[in-house]
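Student: Here's the letter readout for the chains.
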Amino acid sequence: MVEQAFNGLVSGAFYALLALGLAVIFGMLGVVNFAHGAFYMLGAFGAFVLLDSFGIGFWAALLIVPVLLGLAGVVLERLFIRRLAALDPLYNFLLTFGLALILQDVVRSRYGVQSQQYGRPGLLDGSLNLGLFEYPAYQVFVLALSALVCGLVWLALTRTKVGMIVRASTEKPELTRALGIDVARWVTPVFGFGIALAGLAGVLAAPMRAINPLMGADLIIVVFAVVVIGGLGSVFGSVAAGFLIGLISALGNLYVPALSQTLVFILMAAVLLWRPAGLFGREEGLV
Amino acid sequence: MILRLLARRPVLLALALVVAFALPWLIYPPVAMDIAAWALFAVAVDLLLGYGGLLSFGHAAFWGTSAYTTGLIALHTGLPFPVAIVGGALAAAVLAVPIGYLSVRLSGIYFAMVTLAFAQMIYFIVNQWRDVTGGENGLQGIPRELFGLDLSDPFLFYYAGLPFVLVGLLVAWRIVRSPFGQVLMSIRDNPSRARALGYPVDRYRLLAFVLSAALAGLGGGVFAISHGFASLHDVYWTTSGQAVMMVVLGGIGTLWGAVLGAALIVSLNDYLATAGFEETGIITGLIFVVIVLLFRKGLWGTARDLTAARSGRHRPAAVPDPPSSASSSERLDQVAERSGR
Numbered sequence: 001m002v003e004q005a006f007n008g009l010v011s012g013a014f015y016a017l018l019a020l021g022l023a024v025i026f027g028m029l030g031v032v033n034f035a036h037g038a039f040y041m042l043g044a045f046g047a048f049v050l051l052d053s054f055g056i057g058f059w060a061a062l063l064i065v066p067v068l069l070g071l072a073g074v075v076l077e078r079l080f081i082r083r084l085a086a087l088d089p090l091y092n093f094l095l096t097f098g099l100a101l102i103l104q105d106v107v108r109s110r111y112g113v114q115s116q117q118y119g120r121p122g123l124l125d126g127s128l129n130l131g132l133f134e135y136p137a138y139q140v141f142v143l144a145l146s147a148l149v150c151g152l153v154w155l156a157l158t159r160t161k162v163g164m165i166v167r168a169s170t171e172k173p174e175l176t177r178a179l180g181i182d183v184a185r186w187v188t189p190v191f192g193f194g195i196a197l198a199g200l201a202g203v204l205a206a207p208m209r210a211i212n213p214l215m216g217a218d219l220i221i222v223v224f225a226v227v228v229i230g231g232l233g234s235v236f237g238s239v240a241a242g243f244l245i246g247l248i249s250a251l252g253n254l255y256v257p258a259l260s261q262t263l264v265f266i267l268m269a270a271v272l273l274w275r276p277a278g279l280f281g282r283e284e285g286l287v
Numbered sequence: 001m002i003l004r005l006l007a008r009r010p011v012l013l014a015l016a017l018v019v020a021f022a023l024p025w026l027i028y029p030p031v032a033m034d035i036a037a038w039a040l041f042a043v044a045v046d047l048l049l050g051y052g053g054l055l056s057f058g059h060a061a062f063w064g065t066s067a068y069t070t071g072l073i074a075l076h077t078g079l080p081f082p083v084a085i086v087g088g089a090l091a092a093a094v095l096a097v098p099i100g101y102l103s104v105r106l107s108g109i110y111f112a113m114v115t116l117a118f119a120q121m122i123y124f125i126v127n128q129w130r131d132v133t134g135g136e137n138g139l140q141g142i143p144r145e146l147f148g149l150d151l152s153d154p155f156l157f158y159y160a161g162l163p164f165v166l167v168g169l170l171v172a173w174r175i176v177r178s179p180f181g182q183v184l185m186s187i188r189d190n191p192s193r194a195r196a197l198g199y200p201v202d203r204y205r206l207l208a209f210v211l212s213a214a215l216a217g218l219g220g221g222v223f224a225i226s227h228g229f230a231s232l233h234d235v236y237w238t239t240s241g242q243a244v245m246m247v248v249l250g251g252i253g254t255l256w257g258a259v260l261g262a263a264l265i266v267s268l269n270d271y272l273a274t275a276g277f278e279e280t281g282i283i284t285g286l287i288f289v290v291i292v293l294l295f296r297k298g299l300w301g302t303a304r305d306l307t308a309a310r311s312g313r314h315r316p317a318a319v320p321d322p323p324s325s326a327s328s329s330e331r332l333d334q335v336a337e338r339s340g341r
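Protein chains in written order, with full-length UniProt numbering: chain A, 1 to 287; chain B, 1 to 341.
Note that these hints are calculated values from the structure, not bench results.
Since the structure is predicted, the reported quantities are computational estimates derived from the model, not experimental observations.
Note that the Cβ used here is the ideal one computed from N, Cα and C, for glycine as well.
Any given hint could be a false lead.
Far from chain B, by Cβ distances over 12 Å, these chain A residues were calculated [said to hold, decoys possible]:
(1) Y91
(2) V227
(3) L263
Sample of chain B residues facing chain A (criterion: CB under 8 Å; computed from the structure) [what the hints assert, rightly or not]:
(4) Q120
(5) L293
(6) K297
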C-alpha cells in the first residue's frame with residue numbers, strides 16, 4: 001500500500017514536470033503545446049543516443065539533453081510559434097500537433113516502434129531501505145529531483161525579479177507592457193525553459209520506462225487532463241495536480257484495477273462538473 | 001467566366017453530385033467509399049468548429065463508438081446494415097450528451113484539450129473491454145446484410161453506402177442554414193452578447209455537439225461496414241487529428257472545404273500506403289504545419305476569395321459567410337427579431 005503510494009508519486013513526478021512546462025508556456029504565450037510529449041520522447045531518445053553513439057552517460061545527459069532541447073525550443077518559438085502568436089491560440093495548438101506528428105515519425109523511421117533499453121546509472125542501481133520496505137534508489141532520486149525542480153521554479157517565480165515579470169505578464173500582459181517592462185523579451189526564454197523541462201522529464205524516464213517514439217503522445221493527453229484538473233493557467237495547480245493524480249491513480253489501481261487507465265479522466269469529469277476552472281484555477285478567463 | 005459559373009451554387013451542387021456518383025468509376029471503389037465516409041466525418045467536425053467556434057479534438061470517440069456499435073449490431077443481430085449504421089450513429093449521439101455537457105462548460109483551447117482527453121478515455125475503455133470489442137484485434141468479419149442482396153462487390157456497396165453520407169451532408173447543410181445555425185454562429189462570434197439577448201449558450205453548444213457527433217457516427221458506421229471491421233485505430237487520437245486536418249486543409253467554416261480536404265487526405269494516405277511508406281506522420285504533419293502557417297483559409301476559402309475578387313461582386317447570399325464579413329450583432333438582431341425576442 002505505502003509502496004504503491006510511492007509508485008504513484010513517482011509517476012506523479014513525471015506528470016508534474018510535464019504539466020509545469022505546459023503551464024509556464026501557456027501562462028506566458030497562451031499556447032497549449034501539443035508537441036510537449038514529443039519533446040519528452042526526444043529527451044529519452046537523447047539520453048539513449050548520447051550513451052549509444054557517444055558513450056556519454058546519464059549524469060552528463062541530465063544536463064546536456066535539456067539544454068539542447070531548450071535551444072531547439074527557442075528556435076521553434078522564433079521560427080514558427082511567434083508568427084501565430086497574435087491569432088487564435090487554436091492555430092498554435094494545431095501547429096504543435098503537426099510538429100508532434102513529424103517528430104514522432106522521424107524518430108520512428110530511424111528506430112522503429114520497438115522499445116530501446118537504457119540502464120540505470122551505477123550510483124543509483126541498488127535499492128534503499130525506507131523503513132517499511134525496500135525501494136529502488138533510482139525512483140527515489142526521480143521523486144526527489146522533480147520535487148526539487150518544481151520547488152526551485154516556484155521559488156524563482158515568487159521570489160526573483162524575473163519571476164515577478166513572468167507572473168505579471170502572465171496575468172496582465174498589456175498592463176505590464178504599459179509599465180515599461182519588455183514582455184516580448186521573456187517569451188522566447190520561457191518557451192525554451194518549458195521545453196527543457198519536458199526534455200529533463202524524458203531523460204529521467206529513460207532508465208525506467210520503455211523508450212519508443214509513441215511514449216510521449218499517450219502521456220501528454222493524460223497530462224492535459226492533469227492540467228485541466230489542476231486549474232487552467234495555474235502553475236501551482238498543475239504541479240499539485242500532477243503529484244495528486246499520480247497518487248490517486250496508483251491507489252485506485254490497487255483497489256479497482258479495471259479503472260487504472262480511465263481514473264484520471266473520470267476525475268477530470270468530476271472536476272469539470274464541480275469546478276469548471278479546476279481545483280486551483282480562477283473562474284475569470286473562462287468562456 | 002467558367003469560374004463565375006462554377007461559383008453559382010446550383011452548378012456547383014450538380015457538379016458535386018455527378019462527381020459523387022461517378023467516383024467509383026474513376027478510382028478504386030473502396031477508396032471512394034472511404035472518401036465519402038471521411039467527408040461526412042470532416043463536415044461534422046467543421047459544423048462544430050466553423051459554425052460553433054468549438055474545436056473538438058476528440059471526435060474519434062464518436063466515429064469509433066459508432067463503428068464498434070454498428071459492427072456489434074451487424075455481427076450479433078443479423079439485422080440489415082442500414083439499421084446497424086443508424087444504431088451506431090444513435091450510440092454516438094448518446095455518448096455525446098455527457099461528454100458534450102461537461103465539455104461545453106469550457107471553450108477555446110480548453111474545449112480542445114478536454115474533448116481530446118475524453119476521447120482517450122473512450123479509447124482505453126474500448127481497449128480494455130475485450131469481451132465485447134475484441135481488444136487489440138478489434139471486430140472482424142462485420143457482415144453487409146441487406147435482405148439477401150449480395151453487396152460484397154465494393155463497387156455496388158458504394159452506392160448502398162453513399163445515400164447515408166449524402167443524407168448526413170444534407171442535414172449538416174440544413175443545420176447551418178437554419179435559425180439554429182444562425183444563433184450558433186452568433187454565439188461563435190460573440191458569446192456574451194448572445195447570452196445577454198437571452199440565448200442559453202451552453203444548451204445551443206451542447207445540441208450542436210450532439211448533432212455533430214451523430215453525423216460523425218453516421219460516417220463511422222458506413223466506414224465500419226465498408227471495411228468489414230472496426231479497430232482501435234478508429235478511436236485513437238490520430239483519427240481525431242486527421243479529421244481536424246481535413247477541415248483546416250479544406251477551409252474552416254465552409255463545409256465544401258471539409259469534403260475537399262477529406263478527398264485529398266484519403267487519396268494521399270492511399271497513395272502513401274500503396275507506395276509502402278509507413279511514416280505518414282511526417283507528410284501529414286508537414287501539411288498541417290504549412291497550412292496553419294501559410295494558408296489558414298484553406299483551399300476552399302482561398303479559392304472562394306479569388307473568385308469573389310475576380311467577379312468583383314459579393315457572392316450569392318446563400319453561401320455561408322466567413323467569420324468576419326457579416327457583423328455578428330446584425331445577424332443576432334435579425335434572428336432575435338424573427339423569434340420575437
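Student: None of the hints should be skipped; say for each whether it holds.
Tutor: These are the hints, each one checked on the structure:
no.: 1; hint: Y91; in the structure: violated, 5 Å
no.: 2; hint: V227; in the structure: violated, 7 Å
no.: 3; hint: L263; in the structure: violated, 10 Å
no.: 4; hint: Q120; in the structure: holds, 5 Å
no.: 5; hint: L293; in the structure: holds, 6 Å
no.: 6; hint: K297; in the structure: violated, 12 Å
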